[in-house]
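Undergrad: Sequence:
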Amino acid sequence: MKKSTLALAVYAGVLATQAGAAGFLDDSKATLSSRTLYFEQDPRENRNASGTLKGQDQRQTTQGFLFNFISGYTPGTVGFGLDVQGMYGINLSGGIDNRAVDGSTANTVSPTSTDGTPVADWARAGANAKVKLSKTELKVGNALQPNLPILVSNDGRLLPQTFEGGIVTSKEIDGLTLTAGKLTKAAGRASTNYDDLSLGGGTKGSNNFQFAGGDYKVTKDLTVQYYYANLEDYYKQQFLGLVHVLPIAEDQSFKTDLRYFHSTSDGKNGQTANTGYKFNNNGYSDNGEVDNNTWTAMFTYTLGGNAFLLGYQSVSDDGAMPIINNGSVVDSRGRNEGEGGNSVYLFTDSMITNFTRTGEKTKFGQYSYDFARLGVPGLKAAVAYLKGDQIRLQNAALGRGSEWERDMRIDYVFQDGFMKGFGVTLRRASLRSDSDLYASQQDTDQTRLVLNYTYAFK
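Those letters in the sequence shown? Residues -21 to -1, 1 to 437, per mature numbering (1 follows the signal peptide of the UniProt record, and there is no 0), in order.
In case anyone wonders, no lab produced these hints; they're calculated from the structure. Watch out, some of these pointers could steer you wrong.
Below, a list of computed lysine-lysine pairs in the DSSO-like style, where the Cα atoms sit at most 30 Å apart [what the hints assert, rightly or not]:
1) Lys183 x Lys196
2) Lys8 x Lys150
3) Lys340 x Lys366
4) Lys366 x Lys437
5) Lys399 x Lys359
6) Lys111 x Lys399
7) Lys234 x Lys111
8) Lys8 x Lys399
9) Lys183 x Lys114
10) Lys196 x Lys150
11) Lys161 x Lys183
12) Lys199 x Lys114
13) Lys342 x Lys234
14) Lys199 x Lys183
15) Lys399 x Lys437
Okay, the calculated beta carbon distance ranges per label pair [claimed, not checked]:
16) Tyr364 x Asn126: 38 to 46 Å
17) Ser293 x Gly55: 49 to 57 Å
18) Tyr348 x Lys8: 43 to 51 Å
19) Asn126 x Gln42: 38 to 46 Å
Yeah, the Cβ is synthetic: ideal placement off N, Cα and C, and Gly gets one too.
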C-alpha cells in the first residue's frame, strides 16, 4: 500500500476512535468473494505469411479471493470512514503456451515471472479513506473502481483493476449526480504493481487523469449525461449521453440509449518528437495522434423475459477511440509490467474486441432471456452478434477492413439451499477479421467458465 494511502487510513481510523464507533462500525459491512476462472484463448492463425509468431495460446485455471470492508461514517456534521480491500490469486494450472523470451507476455489472467511463466500466486491490498458532508462524499486511496462513461474499471478476468487517486460524488440536488476526480495510477487485472496511466502503444505513463461531469434525471424515464476528461500528455475527451425508457404496457418497454465521445490530442501526444506518448490507434497509427469522434445508438425492446437489442456505432476516419490501457508501459529495464486490459462505456465492448478502430462502422444485435418467466429463477442466457466494416488500414491500397464477433453466455445463480448465492457463468466468443488486420487483431476463439460466491460477514 502507498504511504500516502496508509497515512490516510490511519488518520481515518484515529478520527473514528475519537468520534466513537457508532455509525463507523454499526453501518459497516464486510464480504469475502471467491472466483474460480477457467480461461481459454485460442488464436486460430498462429503465424503470419513471414512465419512470425502472432498469437499465444492460453489455457489457464485460477482461483481468486477478494475481501472488502466498507465502513459506515462517524457521527457528526462531517463523517469519516475507511474502506479496505485485499486480493489474492492462485494459479492452479496452465498459462500461455508460447512464452515470450524477453520477459513480456500476452498472459491476461495472472502476473508472470521474468521468463514469462505465470507466478504461483499473487496479492494486492489497498484502502480508501472517505469523508461525507451532507450528500457529498470524497474518497481518496488506491482501491478506487470507477464506473463512469469516461472510465470503467475492468473486471473481465480473475481480479479487478483498481485506481489510485481521489473521487468526489455529490447528490445535493434531487435528480442530479455530480462526479469529479483525479487519478494518478492503476493496477491491472493481472498485476500486483501500480503504474502510471497510458493509451495502447504509449510506453510513457501519465500520472494525471482529471475528470468531471454529471447525470441528470430530467424525469423518471429520461436521463442526460455530460462528462469531461483529460489524460495529461495524451488526450482530452467530452462525452454526451441520453437514456430514455418508454413504458408500453406491463412487462413491456422500449429503451433508447445514445452516446457520443469527442476526443482530441493533448500535450506530448501531438508532438512528433515524443514517440513514447504515441497512440497505436488500434492498428492505424497516423503518427500516433488522438483525433476521434465516436457515436453509438442502442434500442432495446423488452417483453416479459425477452429483450431484443439492436444498434449502430460509428468511429470517425481520423483515428480510433482512445481508451486508457497501460499494457504498453515499460519499467526502467524496458519490461512490460502486465498492466494490460481495459473496458469502455460502449455496448461493443465485447469479450475479445471493442470495435473502436479508425473509421469502423458497426451494426450489432443481442437477444437475451430471463428464465424466471418459465419458473427457473436465476437462469439467464444471451447471444450477441457484432459486425464492423469500413476500417481504415495502414496501407490504403488494400481498401477497407472488416471484423465480426459472436458472443454467447449463460448464467445461473442458485436461489436456495446450501448453495444459495453460488453463481456459474459460461461464456464463449469467436472473432474473425480480414487478414489485413492481423497485425493488430487475429482470429480468435475464447471460452470463460466462472464460478462465483460471496459470503457476507454478519
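Undergrad: Are lysine 399 and lysine 437 close enough, with their CA atoms no more than 30 Å apart?
TA: holds, 16 Å
Undergrad: Does the hinted range 49 to 57 Å hold for serine 293 and glycine 55 at CB?
TA: This hint holds: roughly 51 Å between Cβ atoms.
Undergrad: Quick check: does the Cβ-Cβ distance between tyrosine 348 and lysine 8 fall within 43 to 51 Å?
TA: The hint (43 to 51 Å, Cβ to Cβ) is violated, given that tyrosine 348 and lysine 8 are roughly 33 Å apart.
Undergrad: If you draw a straight line from the CA of lysine 8 to the CA of lysine 150, is it 30 Å or shorter?
TA: holds, 23 Å
Undergrad: Compare the distance between the alpha carbons of lysine 340 and lysine 366 with 30 Å, and conclude whether the hinted pair is satisfied.
TA: holds, 8 Å
Undergrad: Between lysine 199 and lysine 183, does the CA-CA distance stay at or below 30 Å?
TA: violated, 44 Å
Undergrad: When you check the alpha-carbon spacing of lysine 183 and lysine 114, does it fall within 30 Å?
TA: violated, 38 Å
Undergrad: Quickly compare the C-alpha distance for lysine 196 and lysine 150 to 30 Å and report which way the hint goes.
TA: holds, 12 Å
Undergrad: Checking one constraint from the list: CA of lysine 183 to CA of lysine 196, max 30 Å. Satisfied?
TA: violated, 39 Å
Undergrad: Given the hint that lysine 111 pairs with lysine 399, test it: the Cα-Cα distance must not exceed 30 Å.
TA: Violated: lysine 111 and lysine 399 sit about 35 Å apart, past 30 Å.
Undergrad: For lysine 199 and lysine 114, compute the direct alpha-carbon distance and say whether it is at most 30 Å.
TA: Holds, at roughly 20 Å.
Undergrad: With the threshold set at 30 Å, check whether the alpha-carbon distance from lysine 399 to lysine 359 stays at or below it.
TA: Given pair lysine 399, lysine 359 holds - Cα atoms ~16 Å apart, limit 30 Å.
Hint check: violations occur at hints 1, 4, 6, 7, 9, 14, 16, 18 and 19; the rest are consistent with the structure.
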